[in-house]
Amino acid sequence: MLAHQIAMENPAMIRAEGVEATEFPDLANQFNVRGVPQTVINAGGGMVVGAVPEPNLIAEIKRALN
Amino acid sequence: MEKLLNEQVISQVKQAFAQMKEPVQLLLFTSRENCDYCAEIRQLLEELVAVDDKLGLTIYDIQDNADVAAQFNVDKSPIIVVAARDGDQVINYGVQYAGIPSGHEFGVLINDILLISGRDSGLSEAVRDFLKHLEKPLHLQVFVTPT
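Quick note, the sequences are listed as chains P and S, same order.
Using this note's numbering, read the first sequence as starting at 1 and increasing by one per residue.
Using this note's numbering, read the second sequence as starting at 1001 and increasing by one per residue.
Just so you know, not all the hints are guaranteed correct.
Taking lysine to aspartate or glutamate pairs in the EDC-like style, the calculated list, with each CA pair at most 16 Å apart, reads [what the hints assert, rightly or not]: (1) S/K1136 - P/E60; (2) S/K1076 - P/D26; (3) S/K1076 - P/E23; (4) P/K62 - S/D1129; (5) P/K62 - S/E1135; (6) S/K1132 - P/E9; (7) S/K1021 - S/D1053.
Simulated restraints on C-beta separations [as the list claims (entries may be wrong)]: (8) P/P53 - S/E1033: 34 to 44 Å; (9) P/G50 - S/M1001: 22 to 32 Å; (10) P/L65 - S/M1001: 42 to 52 Å; (11) P/L65 - S/G1122: 21 to 31 Å; (12) S/M1001 - P/P53: 40 to 50 Å; (13) P/G50 - S/D1064: 31 to 41 Å.
It is worth saying that the hints were derived from the structure and are not from the lab.
Predicted model, so just to flag it, every value in this text is computed and none were measured.
Positions of the beta carbon are idealized from the N, C-alpha and C atoms, including for glycine.
With the rest of the complex left out, here is chain P:
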C-alpha cells in the first residue's frame, strides 16, 4: 500500500492506516467515503479518491500540509 510506503520513511511523523470501511462505518461516514480506495489526509485536510500514482498522492499531501 502506497500510504504504508510513505509512513516507512518517517514513522515519527507519519501514521498510515488502511481502514476497512464496512467495519468502521462511522469513520467512513465522517469523511464521506463514497468510493474505495479513498485516502483521507489529516482528518479531511486533503482527500484522494481512487488508487492514484505516487506523484498525485504526494502533491495532495503537500497541498494539505500547506
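We have chain P already, so just place chain S on it with the hints.
Just chain S now, kept in the frame of chain P:
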C-alpha cells in the same frame, strides 16, 4: 476449529514469504467490547505467523495495554500494526491496518509484511527527502472494502 486459510492459500503465502529478508512483528490490538471480528482476526493472524519463523505475533488489549497502544498510536480496535523486529526490539514503521484483512486486503497485508521485511519503502529519492523533512505530523487513512 475450522481453518480460515486453506492449503492452497498457505502454499501461496509460503512462496511469497520466501522473499522475506528481516523479521517482522505483527501487533494485534483487540478489545473485549464492540469487536465483532477480533476472534476471527486473531485466528487468521495465528495461522499466518505459523507459516514462517521470521514472522511473529503479539496480542494486546487496547484497554489493558493502553501504554503499548499509545506507543504505537493505536486509537481503535481491531488494529494490526505491521512492525519490524530486531532481536528483542519492535520498531514502529507507522503501518497499521484497521479491520479484518480479507479478500483483496489479505494480499495487501502480505505485501505490507514483505515491505517491512525489506526495510525499504522503494520510493523515489525526491519523495523520501520530502517525507524525511516533514514539519507537521501526517496521518493517512486509506478506506478500503474487502471485495
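Hint by hint, here is what the structure shows:
{"no.": "1", "hint": "S/K1136 - P/E60", "result": "holds, 15 Å"}
{"no.": "2", "hint": "S/K1076 - P/D26", "result": "holds, 12 Å"}
{"no.": "3", "hint": "S/K1076 - P/E23", "result": "holds, 11 Å"}
{"no.": "4", "hint": "P/K62 - S/D1129", "result": "holds, 13 Å"}
{"no.": "5", "hint": "P/K62 - S/E1135", "result": "holds, 11 Å"}
{"no.": "6", "hint": "S/K1132 - P/E9", "result": "holds, 6 Å"}
{"no.": "7", "hint": "S/K1021 - S/D1053", "result": "holds, 12 Å"}
{"no.": "8", "hint": "P/P53 - S/E1033: 34 to 44 Å", "result": "holds, 41 Å"}
{"no.": "9", "hint": "P/G50 - S/M1001: 22 to 32 Å", "result": "violated, 38 Å"}
{"no.": "10", "hint": "P/L65 - S/M1001: 42 to 52 Å", "result": "holds, 46 Å"}
{"no.": "11", "hint": "P/L65 - S/G1122: 21 to 31 Å", "result": "holds, 22 Å"}
{"no.": "12", "hint": "S/M1001 - P/P53: 40 to 50 Å", "result": "holds, 42 Å"}
{"no.": "13", "hint": "P/G50 - S/D1064: 31 to 41 Å", "result": "holds, 39 Å"}
Checked against the numbered hints given earlier, the structure breaks only hint 9 and satisfies all the rest.
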